[in-house]
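Start counting the first sequence at 0; every next residue gets the next number (the numbering used here).
In short, the hints are calculated from the structure, not lab data. Hints may contain errors.
Computed list of lysine-lysine pairs in DSSO-like fashion (alpha-carbon distance at most 30 Å, straight line) [stated by the list, open to error]:
| id | residue 1 | residue 2 |
| --- | --- | --- |
| 1 | Lys234 | Lys116 |
| 2 | Lys68 | Lys226 |
| 3 | Lys214 | Lys151 |
| 4 | Lys68 | Lys86 |
| 5 | Lys382 | Lys226 |
| 6 | Lys214 | Lys343 |
| 7 | Lys343 | Lys315 |
| 8 | Lys178 | Lys206 |
| 9 | Lys67 | Lys315 |
Estimated spans, in silico, between C-beta atoms of each pair [what the hints assert, rightly or not]:
| id | residue 1 | residue 2 | range |
| --- | --- | --- | --- |
| 10 | Leu44 | Pro197 | 42 to 48 Å |
| 11 | Thr45 | Asp378 | 45 to 51 Å |
| 12 | Ala386 | Thr128 | 50 to 56 Å |
| 13 | Gly153 | Ala394 | 18 to 24 Å |
| 14 | Glu135 | Asn47 | 41 to 47 Å |
| 15 | Asp291 | Val393 | 41 to 47 Å |
| 16 | Gly82 | Thr458 | 31 to 37 Å |
All C-beta atoms, glycine included, are put in the ideal place defined by N, C-alpha and C.
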Amino acid sequence: MAKDQHNPARYTITAALPYTNGPIHIGHLAGVYVPADIYARYLRLTGNDVAFICGSDEHGVAISMKAKKEGVTPKEIIDKYDGIIRKSFEEFGITFNNYSRTSRDIHHKTTSDFFKKLYEQGDFIEKTTEQLYDSEAKQFLADRFVVGTCPKCGHEEAYGDQCENCGSTLNATDLINPKSTISNAVPTLKETKHWFLPLDRHEDFLKEWILESHKSDWKPNVYGQCKSWIDDGLKPRAVTRDLDWGIPVPVEGGEGKVLYVWFDAPIGYISSTKEWAEREGKDWEPYWKSEDTKMVHFIGKDNIVFHCIIFPAILKAHGGYILPDNVPANEFLNLEGNKLSTSKNWAVWLHEYLQEFPDMQDVLRYTLTANAPETKDNDFTWKDFQARNNNELVAIFGNFINRVVVLTNKYYEGVIPNPSEFSKVGDFGYAKKIPDNYIKFPRTLPFSGSWPKINEFSTFGQQVPSR
RNA sequence: GGCGAGGUAGCUCAGCUGGUUAGAGCGUCGGAUUCAUAAUCCGGAGGUCGGGGGAUCGUGCCCCCCUCUCGCUACCA
């Protein structure tokens, strides 16, 4: 079936899977979940078939490491945060059709099958390389889990990937007196074999698909980032890791290794869709395989390469899958002038907000939408939060609605009068534009420029009775 | 360091392929009003469009240099 951009048969909307090493904060909401939810709600209200898909991302070395440090199992970590995240989304009112977990069987099987199929088709290459190894903990180390003295500035607690003191990018092997953050052992180099996805093989299709067909409809930050990757020349990317936490590599020689979390996470969108379809008695396949489906990935700007280059390459290699029509990556939200940070505990956590501001979901939704970081990083301040609530939601919009009710009761005995009387009131040019301004806006991405209209609209409404 | 995206009124943002006095919402100042006055309506003031060069009859928008922020550059996600 031919794809009709303006009238797709159904929509598959995904929101980045939250990583379960911490709760959800306002930055996640502003950049991903609130815009995705607005889009999904709008499409449903206008009669579209929508699958709004999400779930917890529960694998990866960061969770494994966190568990080790806290002396608990990875399972305990993911259960804890999946619980908090799941509950806070529910209470906040993000209307996912399904919220799954990448630790579930359905996801392990889906991902495993995906890997096997690519493996059998010869879509991977195998390479043996030398990696840093902690012989005490018996574990390979990612660069960030090695600390030592920075060779450039002498800072004694530089990470293997970057020195936070002087900001320079490092290789873990450059550090003076390197040691593992797990056991304090001195890392050694050890050989290991991994499977790589040769992105260079997919360069031609990515070039055409992104650089040519999405030059004008993708956001500049997304397009620019993709172009940068493609122009630099794509390289093979490892899709397996030496780790005991994750989805086991399902082919010969993969013992003791797991799939790279970024290989399995996006496939989580697919398994979550399957889970939903099973529960609802639907067929999941059209949502991922039919050309008349429109798929949109909502993500933060740090995820662009995975959703625009790597995942599409995986889908394309597999065959039979559609690719996203758009990937509206948002920028980041700061809090009172500083970067949000889970590890530094600098954030407004959603579950805490819900406790401290009961029944005030809409206030936060409004503030985060009005202040959405669509083209650049924005700053959330409590002062602004207060001002938007008091001045805009309560004073302008709230008063307008209240006034409509008061006047309707007072002059029309509570019954909405016949609209024909409006013809006496003169210029209604603005009213005629309302459908364009309010009904159509979320059809295009991003949503920028739509929010001030709630105030304009209220002002217009306030003027009417005096005419 | 390399690459990408940003730096437009006090705040949050628009500004199409360069073309009359750079726009909106909120805030601010002044006036009006009553069905909402811990509100609303009307009007005004506020920008050398990050800085410096250049090309052009003419640029916020093009070219060069510099600067600040964030992201990617890594086996963190």
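Now for the hints, and whether the structure bears them out:
Restraint check for lysine 234 and lysine 116: satisfied, since their Cα atoms lie roughly 21 Å apart, inside the 30 Å limit. As the CA atoms of lysine 68 and lysine 226 are separated by approximately 39 Å, the hinted pair breaks the 30 Å bound. Simply put, lysine 214 and lysine 151 have alpha-carbon atoms about 40 Å apart, too far for the 30 Å limit, and the pair is violated. About 26 Å separates the Cα atoms of lysine 68 and lysine 86, which keeps this hinted pair within 30 Å; it holds.
As the CA atoms of lysine 382 and lysine 226 are separated by approximately 39 Å, the hinted pair breaks the 30 Å bound. Straight-line distance between C-alpha atoms of lysine 214 and lysine 343 comes to about 38 Å, which puts the hinted pair past the 30 Å bound. A C-alpha spacing of about 39 Å is found between lysine 343 and lysine 315, which places the hinted pair above 30 Å, so the restraint is violated. Under the criterion of a C-alpha separation no larger than 30 Å, the hint pairing lysine 178 with lysine 206 is inconsistent with the structure, at around 42 Å.
Restraint check: the Cα-Cα separation between lysine 67 and lysine 315 comes to about 37 Å, which exceeds 30 Å; the hinted pair is violated. Restraint check, leucine 44 to proline 197: a C-beta distance of roughly 44 Å satisfies the suggested window 42 to 48 Å. Between threonine 45 and aspartate 378 the beta carbons are some 33 Å apart, a value that contradicts the proposed interval 45 to 51 Å. The hint said 50 to 56 Å for the Cβ distance between alanine 386 and threonine 128, and at roughly 54 Å that hint holds.
Checking the proposed 18 to 24 Å range against glycine 153 and alanine 394 shows it is violated: the Cβ atoms sit about 56 Å from each other. Separated by about 56 Å at the C-beta atoms, glutamate 135 and asparagine 47 break the suggested range of 41 to 47 Å. Between aspartate 291 and valine 393 the beta carbons are some 44 Å apart, a value that agrees with the proposed interval 41 to 47 Å. Evaluation of the 31 to 37 Å hint for glycine 82 and threonine 458 yields a failure: the beta carbon distance comes to about 44 Å.
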